[in-house]
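Visitor: One-letter residues, chain by chain:
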Amino acid sequence: MKHIVKILTLLVTLSALWVGLLQASIIPKSYTWLLPLYFIVSLGCYGLLMVGVGLMQFPTCPQEAILLQQVCTKFHSLTIVDHDSCFVVLDILLL
Amino acid sequence: MEEMEKNKYSIIIPTYNERLNIALIVYLIFKHLSNVNFEIIIVDDGSPDGTQEIVKQLQQVYGEDRILLRPRPRKLGLGTAYVHGMKYASGDFVVIMDADLSHHPKYLPSFIQKQIETGASIITGTRYVKDGGVHGWNLMRKLTSRGANVLAQTLLWPGVSDLTGSFRLYRKSVLEDVISSVVSKGYVFQMEMIVRASRKGYQIEEVPITFVDRVYGTSKLGGSEIVEYLKGLLHLLVTT
Ligand SMILES: Nc1nc2c(ncn2[C@@H]2O[C@H](COP(=O)(O)OP(=O)(O)OP(=O)(O)O)[C@@H](O)[C@H]2O)c(=O)[nH]1
Ligand SMILES: [Mg+2]
Numbered sequence: 001m002k003h004i005v006k007i008l009t010l011l012v013t014l015s016a017l018w019v020g021l022l023q024a025s026i027i028p029k030s031y032t033w034l035l036p037l038y039f040i041v042s043l044g045c046y047g048l049l050m051v052g053v054g055l056m057q058f059p060t061c062p063q064e065a066i067l068l069q070q071v072c073t074k075f076h077s078l079t080i081v082d083h084d085s086c087f088v089v090l091d092i093l094l095l
Numbered sequence: 001m002e003e004m005e006k007n008k009y010s011i012i013i014p015t016y017n018e019r020l021n022i023a024l025i026v027y028l029i030f031k032h033l034s035n036v037n038f039e040i041i042i043v044d045d046g047s048p049d050g051t052q053e054i055v056k057q058l059q060q061v062y063g064e065d066r067i068l069l070r071p072r073p074r075k076l077g078l079g080t081a082y083v084h085g086m087k088y089a090s091g092d093f094v095v096i097m098d099a100d101l102s103h104h105p106k107y108l109p110s111f112i113q114k115q116i117e118t119g120a121s122i123i124t125g126t127r128y129v130k131d132g133g134v135h136g137w138n139l140m141r142k143l144t145s146r147g148a149n150v151l152a153q154t155l156l157w158p159g160v161s162d163l164t165g166s167f168r169l170y171r172k173s174v175l176e177d178v179i180s181s182v183v184s185k186g187y188v189f190q191m192e193m194i195v196r197a198s199r200k201g202y203q204i205e206e207v208p209i210t211f212v213d214r215v216y217g218t219s220k221l222g223g224s225e226i227v228e229y230l231k232g233l234l235h236l237l238v239t240t
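If you read the sequences in order, they're chains R and B. Counting from 1, one number per residue, gives the positions in the first sequence under UniProt numbering. Counting from 1, one number per residue, gives the positions in the second sequence under UniProt numbering.
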C-alpha cells in the first residue's frame with residue numbers, strides 16, 4: 001500500500017469518528033465542531049515543538065573538529081600533497 | 001571478529017575535486033581497518049584539480065588491488081557514481097562514504113561490528129543521537145535540517161532517525177536491489193534509498209557518527225535544495 005493511502009486512510013478514519021461523534025451527540029455539538037481545529041492546531045504545535053526541542057538539543061562535536069584539524073595538519077606536514085608534484089609520501093607513515 | 005575477517009568490504013568513494021582530501025581519507029581507512037579484507041573504489045568524475053594523479057600515486061603505495069580507480073569522463077552526479085562503482089565491487093558488503101572527511105573512517109569498525117551483531121542488511125550512520133553530532137553548521141542550517149527531519153518523520157514514518165546522511169554500509173545484493181528503484185538525485189537520493197529499503201522490509205540498524213563539515217573545499221545549501229527536498233518528499237509519499 002502506498003504511503004499516501006495509509007495517511008489518507010488514517011484521516012478518513014478520524015473524520016468518520018468525528019462524524020460519528022457529531023451524530024451521537026455525546027458531547028455538545030459546539031465542542032465537536034471545533035475538534036478538527038484543535039487537531040490541526042495541536043499538529044502544528046507538535047511540529048514546532050519537535051523542531052524547537054531538536055534545535056535546542058542539536059548534538060554538536062567541537063572536539064571532533066579540533067581532532068580532525070590536528071590530524072589534517074599532521075598528515076599534510078608528513079606528506080607532500082599540496083605541491084605541484086602532487087607526490088604523496090605515504091611510505092613514511094606506513095612504516 | 002572472525003566474520004570480520006571472512007567478509008570482504010568494498011568502500012566506494014565518489015570524488016570531484018578532492019585532491020586535498022583523498023590521500024588522507026585513504027590513509028585513515030587503512031589505519032582503522034588494519035585487519036579487515038577490503039578494497040577502495042574511487043569513482044572520480046574527471047576532476048580538473050588532478051585528484052586522479054593522487055589516486056594513481058596511492059595505488060603505487062597500497063597496490064592496485066586495494067585501490068581501484070574507476071573514473072568517468074565528466075561530472076555525472078553522485079547517484080550514478082555509486083552505480084558505476086558498484087559494478088566493480090567484489091565484496092559482500094559495500095560501504096558508501098564521502099571523500100571530504102566529513103565521514104571519518106574511524107567509524108568504519110563500528111559499522112562492520114554492528115552488521116555482524118545484528119545481521120542487518122543496511123547500517124546507516126546517524127548524527128542525531130547520543131554520541132553523534134555535527135560541527136560547522138550555523139543556526140539556519142540546523143533549523144533547516146531539523147525542520148526537514150520532523151516533516152519527513154511525521155509524513156513518512158521511515159523508522160530511521162537520520163534520512164539524509166550518506167555514510168552507510170549495505171549488503172551488496174540489497175544495494176543493487178534498492179538503487180535500481182531510486183530515481184531522485186542530489187540530497188533526496190539518500191532519503192529515497194533508505195525509505196525504499198525500509199518499505200521493502202530490509203533490516204536497517206543505526207550507528208552514531210559525528211559529522212564535521214568539510215575542512216577543505218566549498219559547501220552549498222540554498223533555497224533550490226529546499227524545494228527539491230519538498231518535491232522529493234511528495235514523490236516518496238505517492239510512490240512508496
Ligand atoms: N564522482 C562524483 N563525485 C561527486 C560528485 N559530486 C560530489 N561528489 C563527491 O561526493 C561526495 C559528497 O559531495 P559533497 O560536495 O561533499 O556533498 P555534500 O556532502 O552533500 O555537501 P557539502 O559537503 O556540504 O558540500 C564528495 O566526496 C564529493 O567529492 C559528482 O558529480 N561525481
Ligand atoms: Mg560533504
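Since the hints were derived computationally from the structure, they do not count as laboratory data. One or more of the hints may lead you astray.
Claimed, not checked - Derived coverage of chain R by chain B (criterion: at least 3 residues anywhere in the stretch with Cβ under 8 Å from a Cβ of chain B; other residues may be distant):
#1 7 to 21
#2 24 to 34
What the hints assert, rightly or not - With a straight-line cut-off of 30 Å between C-alpha atoms, the simulated DSS-like cross-links for lysine-lysine are:
#3 R:Lys2 x B:Lys6
#4 B:Lys185 x R:Lys2
#5 B:Lys56 x R:Lys74
#6 B:Lys31 x B:Lys130
#7 B:Lys200 x R:Lys6
#8 R:Lys74 x B:Lys172
#9 B:Lys172 x B:Lys185
#10 B:Lys87 x B:Lys130
#11 B:Lys106 x R:Lys6
#12 R:Lys2 x B:Lys56
#13 B:Lys130 x B:Lys142
#14 B:Lys200 x R:Lys74
#15 B:Lys56 x R:Lys6
#16 B:Lys200 x R:Lys2
To be verified - A short, non-exhaustive set of chain R residues, derived as facing chain B with CB atoms under 8 Å:
#17 Ile40
#18 Cys45
#19 Gly47
#20 Pro62
Heads up, the beta-carbon is just placed ideally off N, CA and C, and yes, glycines get one too.
Visitor: Decide, hint by hint, whether the structure agrees.
Guide: Tested hints:
With 1 residues having a Cβ less than 8 Å from any Cβ of chain B, the segment 7 to 21 of chain R misses the three-residue criterion, and the hint is violated. Residue count for the segment 24 to 34 of chain R with a Cβ under 8 Å from a Cβ of chain B: 0. That is fewer than the three needed, and the coverage hint is violated. Distance restraint check for R:Lys2 and B:Lys6: the Cα-Cα separation of roughly 39 Å exceeds the 30 Å cut-off, and the hinted pair is therefore not satisfied. Taken as a hint, the B:Lys185 and R:Lys2 pair is honoured in the structure, with Cα atoms around 21 Å apart against an allowance of 30 Å.
Restraint check: the Cα-Cα separation between B:Lys56 and R:Lys74 comes to about 22 Å, which is no more than 30 Å; the hinted pair holds. For the hint pairing B:Lys31 with B:Lys130, the CA-to-CA distance comes to about 25 Å; that is within 30 Å, so the pair holds. In summary, the hint linking B:Lys200 to R:Lys6 is supported, as the alpha carbons are separated by about 16 Å, within the 30 Å threshold. Restraint check for R:Lys74 and B:Lys172: the C-alpha separation of about 35 Å exceeds 30 Å, so the hint is violated.
The straight-line distance between the Cα atoms of B:Lys172 and B:Lys185 is roughly 21 Å, inside the 30 Å bound, and the hint therefore holds. The hinted pair formed by B:Lys87 and B:Lys130 fails the criterion: a straight-line CA distance of about 36 Å is larger than 30 Å. For the given pair, B:Lys106 sits about 40 Å from R:Lys6 by alpha-carbon distance, which is inconsistent with the 30 Å threshold. Distance check on the hinted pair: R:Lys2 and B:Lys56 sit about 47 Å apart at the alpha-carbon level, beyond 30 Å; violated.
Among the hinted pairs, B:Lys130 with B:Lys142 is consistent with the structure: their alpha-carbon atoms are about 17 Å apart, no more than 30 Å. Restraint check for B:Lys200 and R:Lys74: the C-alpha separation of about 45 Å exceeds 30 Å, so the hint is violated. With a C-alpha separation of about 51 Å, the suggested pairing of B:Lys56 with R:Lys6 is violated against the 30 Å cut-off. A C-alpha spacing of about 12 Å is found between B:Lys200 and R:Lys2, which places the hinted pair at or below 30 Å, so the restraint holds.
Given hint, R:Ile40 at the interface with chain B, is violated; its Cβ is 13 Å from that chain's nearest Cβ, farther than 8 Å. Interface restraint check: R:Cys45 against chain B, minimum CB-CB distance 12 Å, threshold 8 Å, status violated. Of the supplied interface hints, the one on R:Gly47 holds, with its beta-carbon coming within about 6 Å of a beta-carbon of chain B, less than 8 Å. The restraint placing R:Pro62 at the interface with chain B holds, with a minimum CB-CB distance near 6 Å, inside the 8 Å limit.
Checked against the numbered hints above, the structure violates hints 1, 2, 3, 8, 10, 11, 12, 14, 15, 17, 18; every other hint is satisfied.
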